[in-house]
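There are 2 protein chains.
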Amino acid sequence: MFEAAKLGRKVSKEFFKEQEADLRYELLQAQRDLAESGTSVVLLISGVEGAGKGEVVNVLNKWMDTRGVETTAFWDETDEERERPRYWRFWRALPPRGQVGIFFGAWYMDPMVYRMQERCGDADLDDELKRIADYERMLTEDGTLFVKFWLHLPEKEQKKRLKKLKRTDPKRWKMTPRKGEFSEHYEKVERVGERVIRHTDSGYAPWYLIEAGNTHYRDLTVGRTLLSAIRTRLERPARPETTEIYSHAPALPADPKARVTVLDHVDLTQSLERSEYKSRLKKLKKEVNELAWQAYQAKRSCVMVFEGWDAGGKGGAIRRITNSIDSRLYRTLQVAAPTDEEKARHYLWRFWRHIPRAGRASIYDRSWYGRVLVERVEQFAAEPEWRRAYSEINDFEEQLVESGVIMLKFWIHISKEEQLRRFKEREAVPYKKHKITEEDWRNREKWEDYKLAVNEMVVRTSTEYAPWTIVSGDDKLFARIQVLETVCEALKAALKQQNDNRGVAPCRKKALPKTKRG
Amino acid sequence: MFEAAKLGRKVSKEFFKEQEADLRYELLQAQRDLAESGTSVVLLISGVEGAGKGEVVNVLNKWMDTRGVETTAFWDETDEERERPRYWRFWRALPPRGQVGIFFGAWYMDPMVYRMQERCGDADLDDELKRIADYERMLTEDGTLFVKFWLHLPEKEQKKRLKKLKRTDPKRWKMTPRKGEFSEHYEKVERVGERVIRHTDSGYAPWYLIEAGNTHYRDLTVGRTLLSAIRTRLERPARPETTEIYSHAPALPADPKARVTVLDHVDLTQSLERSEYKSRLKKLKKEVNELAWQAYQAKRSCVMVFEGWDAGGKGGAIRRITNSIDSRLYRTLQVAAPTDEEKARHYLWRFWRHIPRAGRASIYDRSWYGRVLVERVEQFAAEPEWRRAYSEINDFEEQLVESGVIMLKFWIHISKEEQLRRFKEREAVPYKKHKITEEDWRNREKWEDYKLAVNEMVVRTSTEYAPWTIVSGDDKLFARIQVLETVCEALKAALKQQNDNRGVAPCRKKALPKTKRG
Chain G
3 MFEAAKLGRK VSKEFFKEQE ADLRYELLQA QRDLAESGTS VVLLISGVEG
53 AGKGEVVNVL NKWMDTRGVE TTAFWDETDE ERERPRYWRF WRALPPRGQV
103 GIFFGAWYMD PMVYRMQERC GDADLDDELK RIADYERMLT EDGTLFVKFW
153 LHLPEKEQKK RLKKLKRTDP KRWKMTPRKG EFSEHYEKVE RVGERVIRHT
203 DSGYAPWYLI EAGNTHYRDL TVGRTLLSAI RTRLERPARP ETTEIYSHAP
253 ALPADPKARV TVLDHVDLTQ SLERSEYKSR LKKLKKEVNE LAWQAYQAKR
303 SCVMVFEGWD AGGKGGAIRR ITNSIDSRLY RTLQVAAPTD EEKARHYLWR
353 FWRHIPRAGR ASIYDRSWYG RVLVERVEQF AAEPEWRRAY SEINDFEEQL
403 VESGVIMLKF WIHISKEEQL RRFKEREAVP YKKHKITEED WRNREKWEDY
453 KLAVNEMVVR TSTEYAPWTI VSGDDKLFAR IQVLETVCEA LKAALKQQND
503 NRGVAPCRKK ALPKTKRG
Chain L
3 MFEAAKLGRK VSKEFFKEQE ADLRYELLQA QRDLAESGTS VVLLISGVEG
53 AGKGEVVNVL NKWMDTRGVE TTAFWDETDE ERERPRYWRF WRALPPRGQV
103 GIFFGAWYMD PMVYRMQERC GDADLDDELK RIADYERMLT EDGTLFVKFW
153 LHLPEKEQKK RLKKLKRTDP KRWKMTPRKG EFSEHYEKVE RVGERVIRHT
203 DSGYAPWYLI EAGNTHYRDL TVGRTLLSAI RTRLERPARP ETTEIYSHAP
253 ALPADPKARV TVLDHVDLTQ SLERSEYKSR LKKLKKEVNE LAWQAYQAKR
303 SCVMVFEGWD AGGKGGAIRR ITNSIDSRLY RTLQVAAPTD EEKARHYLWR
353 FWRHIPRAGR ASIYDRSWYG RVLVERVEQF AAEPEWRRAY SEINDFEEQL
403 VESGVIMLKF WIHISKEEQL RRFKEREAVP YKKHKITEED WRNREKWEDY
453 KLAVNEMVVR TSTEYAPWTI VSGDDKLFAR IQVLETVCEA LKAALKQQND
503 NRGVAPCRKK ALPKTKRG
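Each protein sequence line maps, in turn, to chains G and L.
Note that this note's numbering has the first sequence beginning at 3, numbered continuously upward.
Note that this note's numbering has the second sequence beginning at 3, numbered continuously upward.
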């Protein structure tokens, strides 16, 4: 593959100067057009050492208006980043629509380093590359333009350059982290690099192989490629709107309404005597607080998601948990309308940004599942958008669980009759009246549509790492105890696993932990 | 002072139960009203150990709707926080309008701990308390309601409780950071606590002394005090709109237009030959890049602010810097309209959140000075708002400089005639045309108003730690060299100081560095 980048292409200084002025003007113009579009650009730069990745980025920053460009080196991981899933630091660096983010290495860095150091095999690497491909496709579908450059040099040329660099600039050499780590393994870098490129080169996020032997040729080619990629995208803002490729879960029957859903199987007659409720509640409250402290000490986070029918009793169930746990250990998040900073990015961005630090719990009163529930039913999201959300959500939750987060998801289920009873009660009792609105009645009319959506959600997002718990909610007392018991059991199981496994968080991709954790 | 909190007040369990239901209902109601108001609440909780600070906060979280409440313990400082000014972590935790932030200790914690450990004297403590008072007043003026509780216990009672706590809950005792550190110095805690309260108790941010011997009395009193404070504020959203108290700088003459301003003293005839410009530019570019790398290694950040007349050449001057420095080391920020998350907080919040990590540079194309320039002249800010901004800004910059940030502020000055010439040039040259708008012409009509505002800004915010550099801008070449030279000199001076001073960042309040740095 890399032969194509060893052809000795070059351009003269004069030609470069002549072309530079035009290119610069056009890049600025493209940037202005970009700012008005819904497109963000992620420019990713990678390649062999000595090829001048830093130089290229400096030139791009010189050519463009730096007010719409942010460069991230991902040099050192902060402890706030280490205490969260690996991708958190990439999510937080994503540019808003209309702007450009220039990333050094980014999500390609760790997998490559690990593979080169033989700390993982090809299968683990491929597994991670699959995740990367999914990630890039997901953002592409949301309107992000990826432009990925691999700068390459023949081995001889690399050796010459690195020697010169060390001689002329010994101080800087030391300052940049990781410099010089891989220059002695040219072949290995080529081998791993080729595998990485092959697995992650796609129509939506192509790699551009740049011959970096001649700096003028290199810079001009990068600049023109970027310009052309932006121009093409602005002319044809083509999002792949085919839905078939998003369905990873077993298909539902052609007429879904004909099918008995999981919800029909919930035994809604289960109930609890108040006296038994009281004694069990007392015991569980103590237990869950104790477990929350243990999780804090073990640095295990917990994410609890509550979804359910209107008036299903989400709030009451959540309160039984929050009233039990020390308030310094949890945070309750209500999903409100996204802010404008959130609207300027992928819909999962606002959930990523609030992922708790290690040892804390986040309790969601409604969640990212809004995408496949209310946004589906009310048609706030287009069909391809909510259809692809299932696998996006599964991947999101998998990353949480891999990083050690204890994940709990509750659907609090009630019958349509019980909902009516509660609505009427709310309207009758003065201090409950604010809890019932016109919207609740409107939603009720769409019960069947919601039921269909809930069923598909449960089917498609009940994974082995993050299963749904369907709570039988017609009896509030029973529901609250079911929730608390599930929480306690999950915490106990996770903490036991932690003890068995001394410090290693459960992780499918054990071979690719965070660099500094490793 | 604390005698008032040792009177043995108590209420019975029955009375508590009876009152609790009402209080709870009213707190929820107050929270709903709060959400619709422009007021945020900072509930700060402090006091002697064993008084039950955690318990009280848990009760409040139980009574209120936790979706509008966020509790922050400030237990451990992350490295992202350590690499920024001390107050950064408090700013980032501030609740948006309509919500409640419950803070444990917060900005009172470190000063008290330092004083108790005799790591600083009373004078240093008072100095810090002055800053706290200013901080709380500033946020109050912006619509924040402060409710500060000090929970107190007689010495005997404290000893008894701590003994019991250690016995019944030995594990938890160890988990909470800092527990048990000061319980042996009751008198000292009282002495320092009294000083702290006396210096920071004010009409706008009062301390409430709560006797904590009886938990029912304690919780009920805290809840009622909070309720009444919110109710009072919502009924009378009184911001102090007097302007006199904000003027800390020497007064300007009654008729300011009569006065010759600092701008009139700028020698605008200074210029540079292109050949000399080129050779000096080349040298300076190399130097500034070298210095930026040294600053990165020394972990010193740099904040550069660019203000100036329209068409003054800010962009060109900034580009000469960004084209010189490695793009991984700086970030350019353009002040655009605040996002809705930013609008929900004090106007300085959006500048605090972007403070660079140690070793990085931030370059501001326009800045927080908009408050006293465009917002003043165009009357986007009311007079009391921009008047008090001078001291708010001075304090902000002082904190940056104290934490080791190298601070540079440029006003690029041109004559009214030169501006006209450039406006016309922009209109005539096709690729410059987008740089000139109707608004520029409108601003030009207000030249005299702006001149007055600029003069007052320079007079009031040129401090010994962050002076303004007025750049003579009629000749662009001269201006760019002046800017680059000033940057180089400032970096050299700061890095030299650093070397002389091995690791200790210059700090007025040396006695109160960050806990873990100390």
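None of these hints come from the bench; they were simulated from the model.
Treat the numbers as computed from the prediction; the structure is a model and nothing was measured.
We put the CB at the ideal spot given by N, CA and C, even for glycine.
Heads up, some of the hints might be wrong.
Said to hold, decoys possible - If we take Cβ atoms under 8 angstroms as the criterion, some of the chain L residues that face chain G in the derived model are:
#1 63
#2 75
#3 99
#4 101
#5 289
We went through each hint and held it up to the structure:
Contact between residue 63 of chain L and chain G, as hinted, is supported at the beta carbon level, the nearest pair being about 4 angstroms apart and thus within 8 angstroms. With 8 angstroms as the threshold, the beta carbon of residue 75 of chain L comes within range of chain G, its nearest partner Cβ sitting at about 4 angstroms, so the hint holds. Annotation: residue 99 of chain L was flagged as interfacial toward chain G, and the flag is violated, the nearest CB pair being 13 angstroms apart, outside 8 angstroms. Using the Cβ-Cβ criterion of 8 angstroms, the hint placing residue 101 of chain L at the interface with chain G is not satisfied: the shortest such distance is roughly 11 angstroms.
A distance limit of 8 angstroms between C-beta atoms decides the matter here; for residue 289 of chain L the minimum to chain G is near 14 angstroms, and the interface restraint is violated.
Hint check: violations occur at hints 3, 4 and 5; the rest are consistent with the structure.
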